[in-house]
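Participant: Residue numbers (the numbering used here), protein chains in the order written: chain V, 1 to 636; chain E, 637 to 858; chain F, 859 to 1107.
Hints were generated in silico from the structure; no laboratory data involved. All clues given are correct.
List time: in silico SDA-like cross-link candidates among lysine to any residue, alpha-carbon distance up to 20 Å:
#1 K905/F / H276/V
#2 K732/E / R862/F
#3 K733/E / E1079/F
#4 K1028/F / S737/E
#5 K733/E / G930/F
#6 K1028/F / R736/E
#7 K488/V / Q213/V
#8 K304/V / E391/V
#9 K488/V / G906/F
#10 K1005/F / G823/E
#11 K1028/F / S738/E
#12 K1028/F / L720/E
#13 K905/F / S545/V
#14 K252/V / R533/V
#15 K1050/F / A1101/F
#16 K184/V / S976/F
#17 K519/V / A615/V
#18 K1050/F / R136/V
#19 K732/E / R963/F
#20 K1050/F / A135/V
#21 K1100/F / H822/E
#22 K33/V / A467/V
#23 K1005/F / A135/V
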Amino acid sequence: MQLDAKVPAGNLESKWTRHKFDMKLVAPANKRKKKVLVVGTGLAGAAAAATLAEQGYQVEAFCYQDSARRAHSIAAQGGINAAKNYQGDGDSIYRLFYDTIKGGDFRAREANVYRLAEVSVQIIDQAVAQGVPFAREYGGLLANRSFGGAQVSRTFYARGQTGQQLLLGAYSALSRQVGCGAVKLHTRSEMLDLVVHEGRARGIIVRNLATGQLTRHVADAVVLATGGYGNTFYLSTNATGCNVTATHRAYKRGAGFANPCYTQIHPTCIPVSGDHQSKLTLMSESLRNDGRVWVPQKQGDKRKPADIPENERDYFLERKYPGFGNLAPRDIASRSAKEACDSGRGIGDSGLGVYLDFSAAISRLGKPLVAERYGNLFQMYEKITAENPYETPMRIYPAVHYTMGGLWVDYNLQSTIPGLFVAGEANFSDHGANRLGASALMQGLADGYFVLPSTLGNYLAENSTPALSVDAPVFQTVQGEVEAQVQKLLSIQGTRSPSSFHRELGLLLWEHCGMARDKAGLEMALRKIPELRKTFWQDVRVTGSGAALNQELEKAGRVADFLEFGELMCLDALSREESCGGHFRTEYQTEDGEAKRDDANFSHASVWEYQDGRAPVMHKEPLVFENVKLATRSYK
Amino acid sequence: MTSISSFYRSSVGCKMVMALTGIGLVGFLCAHLAGNLLVFKGPEALNHYARTLRDYLPILWVLRVGLLAMFVLHIVSAIRLTQLNRWARPVAYTNKKNVRSSLSSRTMMLSGLVVLSFVLYHLAHLTFRWTHPEFRELGEFDVYQMLVMSFHSPYVAFFYCLSIVLLMSHLHHGIVSLFQSLGLYHGGLQPVIRAAGAGVSVLLAMGFLSIPIAIFCGWIGL
Amino acid sequence: MNVRLHVWRQQSANAPGKMVQYEATDISPTMSFLEMLDLVNEGLVAKGEEPIAFDHDCREGICGTCSLMINGVAHGPNEATTSCQLHMRSFHEGQDIYIEPWRARAFPVIRDLVTDRSAFDRIIQAGGFVSVNTGGVPDANAIAIPKPDAEAAMDAAACIGCGACVAACKNASAMLFVSAKVSHLSLLPQGKIEGSRRATAMVAQMDLEGFGSCTNTQECEAVCPKEISVASIARLNREFLKASVESSH
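Just need the whole structure built from these sequences, with the hints factored in.
Facilitator: Here you go:
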């Protein structure tokens, strides 16, 4: 596997401008003859499909949801970063670039991150032109807030629904192209495999979830914008339908998968309330601006929070990180909460929770001001837990939220399979080992609106793909394999539901490949996952048929892939013998329990190559830092 | 012409036609009531009013034709929209609750049909005098006497009262609704419009009800 | 707790459907309504029966996928709450719970409680956008927008397109949905420019899809999980009237 990042020459600031000029263009008349398949209609997918269609390409877009507007980008609350420096507080493209590189614990590719910061400013312009109702000041100009501990106010937001509004913007641009016939949209359509012909990605096999029908789609290039793999853990803040199938199948067809062990655990989620739990709900990070995190000092202290006197509480973030206090970055805050619970001081029935207390803020600011800042979040919390955060502290616990790993892509967002491009959370490119708040929306839209349409055009201009029909043997073969898997799943008729396997896998991964990992645990997981997978293929029970809407069959197919992918996550976590960002190996920590990076040996992206029937092979893309100096993140 | 027909063909345009004709019909009701209330001033006042109307027969006919046109348009549009609305939900819920909608808003077709039947009876009763042949023996414009004779019948008085109550229900929703259909129901106007809808419909109903009740109870007589 | 469910079961779009009774036992009041259904489905799968199909995705009240008529009310008894955010503590021991799909000609049933709401997408495709291409747009702060306008636009833009308004309306009218989109864009200078064209095109598509007309009963507003106001319907009517007057010149 060749890992050529194809980073353009020249200094950091001019790489993208220069590259845009150097890339070849497709003549307008020829664009009409080129077809691109875009899988996923979240921020990256919808933006890419709309933009490519505007440029004149034939586009077909696919999503498993019943509408393109429902992709999980919609759930992002906090905001989107952009280096506009509208507040005049010293922000710049370079500062956003540096913050992102540092926040990612120096495990991302410099040139990509710089380009991300560079195009961030265009995203805001584009969104406003589409009618995204960002928050504004009384003077009519855009409002900003500081987010996730950033020292500048660069986050644009639309109440607590920024993801929704940006997605509706991208969806409206996509809808416009669907309306004028430039995009053919397939909803309730799940990609089940990638078709690679003569070394190039040329098509996909799709199952219509409403009818069960399998269809073949051929094109000159394929874009995967299918999101992250957080649901491998079963419980996460992802939508229940989010899955790894598209990227995992691409991996099995030869695309390198980079850094699958990098997962982000978000510190402020509502704790699990029982075995029946189907998903976790995030409470915006902004709550930590005024909320104080604590647990009782005594182990097993089951008194009501109000009965625990001040001197018997441990405000552990303030104690351990006096500089940042409750605003310590996500990975650090999450790990500290886990440590507190592991030491037997967790709160709630399960002991897996910590308090986020607003009583100090309420007495300092008054209830009306607290209500103005967090009213809707308090309401949402109360809706779910039936507890009133004005009166009793919130209970929070970390949960899987985002995955920084993904299919490996070069500077052009092309995977190791020519013609297969990957955008948004599905690729690995920009966040290193930890993502900063309000950067996911930025990356999805940067890839979709501004990067991919240029680089994909260059690919199409440079490569003339030979004519291929959906009746070609390669399509028949791949469809046959998909059909066989569907039939296999339906024919086992065992005793356990797909969800039960998923839940078991999730627990295993959360335990051994979650917030803290160690060699012994990972090795145990690597033993148990194949066993679980074996049981799955012997004992899963899928009711119904493949020729209709069958949600059990959908789940079973996804779980089958999670069961393979979970193993890859553990393999990667085991091989990365250092701690960085969201990946914390307990063996590699400083004396006071902080992550210890090993730049000499692990300053690389680990890229996994699938081997049929054998363990995957790991390749390394060395990360070269020419512009920033590697430093230890310290938030003391 | 095409723009008018496409306007009317759209569900929103059709609703606006209902709203505009509704305004006309409410206006007619107000004028009609003002005339009717002359009954309390005595036979001369009412009969003089009736005679005066006849003195301007051409104008009266223009008004009548206009009124008829509005009435027909209102009904035709209502039938069209009702058909559309029934068609839009082919399978009914086995269990359906109403959370905010008022009874009057959900029974517009019913109240409208009763009002329509009332109008037909009313015309046959007092305008064409088919139902009471004995009226023909009265002087041509003795409206006063016709009223008094009619409302001594409990059946006639009851049917009038029932129809007027349903008319009130129809107007109670209709007046607010017409502002909404014409895009005028927003912001600070909303409470004003709601109050006006309730006020106008109740006042009109009280006015119309006062006559049969007063006659039936013998407060006014020959 | 235990509750008795009456659920609409329908094999496919053209098959006849009927209400079927299920006992949901050992339900925790902390469960969400959909988790209760998950549990019932686990039980059905264990018995080899086909589970109840229902739409859901984010389970945090923002994607608009879940769509259950619960005891005759779209999204159930709690105000401003989607089906997925409803919890079992809102019900009592032994309660009978009726669960039906959205019912409208424009939302045909695919299976059980799953309906096809693509009509909404086609309405957006007809005009629910600002016609700008990617790139070449002015700086985001080039046009100042009064804060109240931006806030009002955001109120309307909060619509999640779930279809509860259609489900609750006695006429299966889509006016609240369409008006939310029209209002959102017509309140902003960027969207105002093609406001007339948008209103006309979206209303025409709405009629074509077979939704009923709005008789202003306000039932939609009462069940809307995002509390979209019927004032937006008045705004759509104004836009439509304006467009009709303009086109007649």
